[in-house]
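Following the hints, position chain B against chain A.
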Amino acid sequence: MATRQDALPPTRANSTAAKLVVPCLIGALVALTLGIYGKLHSPTGIAINIAGFSSPGSVKSWLATGATVFAVIQVGSALVMYGKVPRVTAPSWIGGLHRWSGRIAFLLAVPVAIHCLYALGFQHYSTRVLIHSLLGCAFFGAFTVKMLILPKRELPGWVLPVVGAVVFTVLVLVWFTSAYWFFSTFGIKR
Amino acid sequence: MRRNTPLITLLTGAGLGVALLISSMLATPSSKPASYSAPAASTSASTSAPAAPASPTAAPAAASSPATEPSPVLSPAAVPSQPTVTKSPAKATYAGRVGGGGGSVAVSIHGKQVIAYVCNGSTVEAWLKGTVDGNRLVMTGKNHARLSATYGYGKVSGDVVAHGTDYSFSVPVVSKPSGLYRATAVVRGATIKAGWIVLPDGSQVGSLEPASDSSDPSATGAPELDVATGTARAGDLVLQAVPVDGVTGSGF
Chain A
29 MATRQDALPP TRANSTAAKL VVPCLIGALV ALTLGIYGKL HSPTGIAINI AGFSSPGSVK
89 SWLATGATVF AVIQVGSALV MYGKVPRVTA PSWIGGLHRW SGRIAFLLAV PVAIHCLYAL
149 GFQHYSTRVL IHSLLGCAFF GAFTVKMLIL PKRELPGWVL PVVGAVVFTV LVLVWFTSAY
209 WFFSTFGIKR
Chain B
237 MRRNTPLITL LTGAGLGVAL LISSMLATPS SKPASYSAPA ASTSASTSAP AAPASPTAAP
297 AAASSPATEP SPVLSPAAVP SQPTVTKSPA KATYAGRVGG GGGSVAVSIH GKQVIAYVCN
357 GSTVEAWLKG TVDGNRLVMT GKNHARLSAT YGYGKVSGDV VAHGTDYSFS VPVVSKPSGL
417 YRATAVVRGA TIKAGWIVLP DGSQVGSLEP ASDSSDPSAT GAPELDVATG TARAGDLVLQ
477 AVPVDGVTGS GF
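Protein sequences, first through last, are from chains A and B. Residue 106 in the working numbering is what sits at position 78 of the first sequence, and the numbering runs on without skipping anything. Residue 334 in the working numbering is what sits at position 98 of the second sequence, and the numbering runs on without skipping anything.
If we strip away everything but chain A, and leave its shape as in the complex, we get (with noise of 0.2 Å):
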């Protein structure tokens, strides 16, 4: 059976790409941004603390493993959604779930990136922290197609898993040169 794109006539497929453009664009220039004022800005060393934690990097680490617990409640609600889990049938709120999960796993991330670039900037003395600041730079463009793209009718069924599962593994990679380093060097402390 032919797949949708080869029923369609050719300009259909033109204009997937078309749609997706200017999102991958607009995503890779945030990337790009942040990566440019991450090597450019001289880190500070300086960062806000929050009571109750023993340090930033602490701080960080908690923050962003809160993040990718949601990003895996995110990956989660949408394999339910898409019917992938076998004998759950998706409840009605489980798009709500979804939807919120991932903008807490987002405004986590957020602070977490900020205090990232302004007091240790883009870094790569070690391989670790070059595929941090790397990938911590593409998680945000990345984010930043899925957001896009949401709102774009007549894309192809792929694209969306596809672009979800490319945030969800960036985030995961970002969080285990980060958060998960930092617990297993300096024990899992408040």
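No wet-lab data here; the hints were simulated from the structure. It should be emphasised that the depicted structure is a prediction, and the values quoted were computed from it without experimental measurement. Glycine residues also receive a C-beta, built at the ideal position from the N, C-alpha and C atoms. No false leads were slipped in.
For each label pair, taking beta carbons as the anchor points, the in silico distance ranges come out as:
1. A:PRO189 x B:ASP402: 40 to 48 Å
2. B:ARG469 x A:LYS217: 31 to 39 Å
3. B:PHE488 x A:PRO189: 53 to 61 Å
4. A:GLU182 x B:LEU252: 26 to 34 Å
5. A:GLY124 x B:GLY438: 50 to 58 Å
6. B:THR248 x A:GLU182: 21 to 29 Å
7. A:PRO189 x B:THR248: 18 to 26 Å
8. A:ALA46 x B:LEU252: 25 to 33 Å
9. A:GLY185 x B:THR248: 25 to 33 Å
10. B:GLY251 x A:VAL187: 25 to 33 Å
11. A:ALA46 x B:THR248: 22 to 30 Å
12. B:GLY400 x A:ALA193: 41 to 49 Å
13. B:SER358 x A:LEU125: 51 to 59 Å
Below, chain B alone, put in the same frame as chain A:
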């Protein structure tokens, strides 16, 4: 979608980012006006479909920042006076294991002066001295020893090379009795120099240069330092160790 809620989410996050960035900059003791690169970064972050023309200006604006930005080193003493910032990085001792755990490194920063010591408990060790530039440290020692790192956030992170061995590290602030200790003694015309790094978990690592005046001093493991008394015994020789402490300036 009735309203473009994803865009609202995006702009909310961007707005939050800008607010945090500005408040961070206000909390930083720098004479730089708050208008420096932050609006450029934020306009790009909040760029959506119509704002594309704003984004090309972001890159040049960000690119011009290094020319105009004074590094935040105006006066390291000014840093501790900010009530909203974390503990001052300008007078502290940082110590910990290097990446991989093969040794330890200690960095004592006392305002603009900084002394560091890297040690694997036997032959790989070096004393380093250097300069503080903003929050960057560039240090050198005998026999091509080098350290470059950034400090702040309660940690010093970077790379150190000693005796051809390259370590990367990210070590936190430590307080007494942990930290860096040094002892020197003159024995039969040769200057012995020993260094110990004592870590908060009670472990220590130390090396001793039997002829530290040499341009390429070799080293062996140091005898254990009794941290309570600050002494170590090397045969008949009792070494009296002095803490190299960034907070008090001892040992500088």
